[in-house]
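Undergrad: Kindly generate the complete structure, drawing on both the sequences and the hints.
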Amino acid sequence: MADVNRGNRPLSPHLQVYRLPLAAITSIMTRITGHALVAGIVLITWWLVAAVTSPGAFACADWVVRSWLGFIILTGSMWALWYHLLAGLRHLFYDAGYGLEIEQAHKSSQALIAGSVVLAVLTLIVFFVF
Amino acid sequence: MHYITPRKAAEGLGSAHEGTQHHWAMTVSAVALTVLTPLFMIVVARAIGLSQEQLLAYFGRPFPALITALFVIVGMVHFIKGTRIMIDDYFQGGTRKAAIIFSVIFGWAVIAAAVYALARMGLGAIVVL
Chain R
1 MADVNRGNRP LSPHLQVYRL PLAAITSIMT RITGHALVAG IVLITWWLVA AVTSPGAFAC
61 ADWVVRSWLG FIILTGSMWA LWYHLLAGLR HLFYDAGYGL EIEQAHKSSQ ALIAGSVVLA
121 VLTLIVFFVF
Chain W
1 MHYITPRKAA EGLGSAHEGT QHHWAMTVSA VALTVLTPLF MIVVARAIGL SQEQLLAYFG
61 RPFPALITAL FVIVGMVHFI KGTRIMIDDY FQGGTRKAAI IFSVIFGWAV IAAAVYALAR
121 MGLGAIVVL
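First to last, the sequence lines map onto chains R and W.
Here the first sequence is numbered in the numbering used here, starting from 1 and rising by one per residue.
Here the second sequence is numbered in the numbering used here, starting from 1 and rising by one per residue.
Hints are computed from structural coordinates only; laboratory data are not their basis.
Glycine residues also receive a C-beta, built at the ideal position from the N, C-alpha and C atoms.
Take these hints with a grain of salt, some might be off.
Claimed, not checked - Only part of the chain W face toward chain R is listed, based on derived beta-carbon distances under 7 Å:
| # | residue |
| --- | --- |
| 1 | 82 |
| 2 | 110 |
| 3 | 114 |
| 4 | 120 |
| 5 | 122 |
As the list claims (entries may be wrong) - Dumping the calculated DSBU-like pairs for lysine-lysine here, alpha-carbon to alpha-carbon at most 35 Å:
| # | chain 1 | residue 1 | chain 2 | residue 2 |
| --- | --- | --- | --- | --- |
| 6 | W | 8 | W | 97 |
| 7 | W | 81 | W | 97 |
| 8 | W | 8 | R | 107 |
| 9 | W | 81 | R | 107 |
| 10 | W | 8 | W | 81 |
TA: Structure representation (structure tokens):
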């Protein structure tokens, strides 16, 4: 296709020697958190299915949910959900043509990290207080 | 070539004739999930620590059941479409096909399992009462 911009395209950075800028790190983190969320949803679904299977099955699943491993998976999933949600919101703004300048992307990346941590801590506080 | 306007690049579905729908489906499910995610967190947070009987009664109620069903269904469809892009980016040939098949089957298996559990809880509540 005789389309625009031939031979003047940006080159991909060589990932082994290239220090990723913050916007690139927050971008790949969106994909990582999205896929890691499998652990949380599988745990919750197993727990729900176990509850309608038998008291023994529920005791086993409920023990895992309430154990330190369950706490790590669910707390991690909760943070990943907030992170992925905020990153997804940023994508909606990107799609609409906003925030695409390097400086803006750097600031939104900082907001993304800070926002997800703040929301995760607030969620934990609300969970343990109420 | 110099007479091609930017409109040429933006119009139509592109050479693959798909992808626009994929992107739009991700946009719609993403917007739905921005609402469903905080609600699902509340539903799960309130459920943790309940006994088995309490849990069955809890998810027998409309709000926890509907939020959980919607979150799992919309979330896993979003997951299937999201992993598809990751698989297309990193895998080729037979590995790519196998990964896509696994991702789709896994996603729908999670949906089926969660909906089955919720249905059992909801129907059980009606039968017992």
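Undergrad: Indicate, hint by hint, whether the structure satisfies it.
TA: Evaluated hints:
1. 82: 5 Å, holds
2. 110: 5 Å, holds
3. 114: 5 Å, holds
4. 120: OK, holds: residue 120/W within 7 Å of chain R, min 4 Å.
5. 122: Because about 10 Å separates residue 122/W from the closest Cβ in chain R, which is outside the 7 Å limit, the hint is violated.
6. 8/W with 97/W: 33 Å, holds
7. 81/W with 97/W: Distance of about 14 Å is within 35 Å: holds.
8. 8/W with 107/R: 33 Å, holds
9. 81/W with 107/R: Roughly 28 Å between the alpha carbons, so the hint for residue 81/W and residue 107/R holds.
10. 8/W with 81/W: Satisfied, since the Cα-Cα distance of roughly 27 Å is no more than 35 Å.
This entry does not satisfy hint 5, going by the numbered hints stated previously; all others are met.
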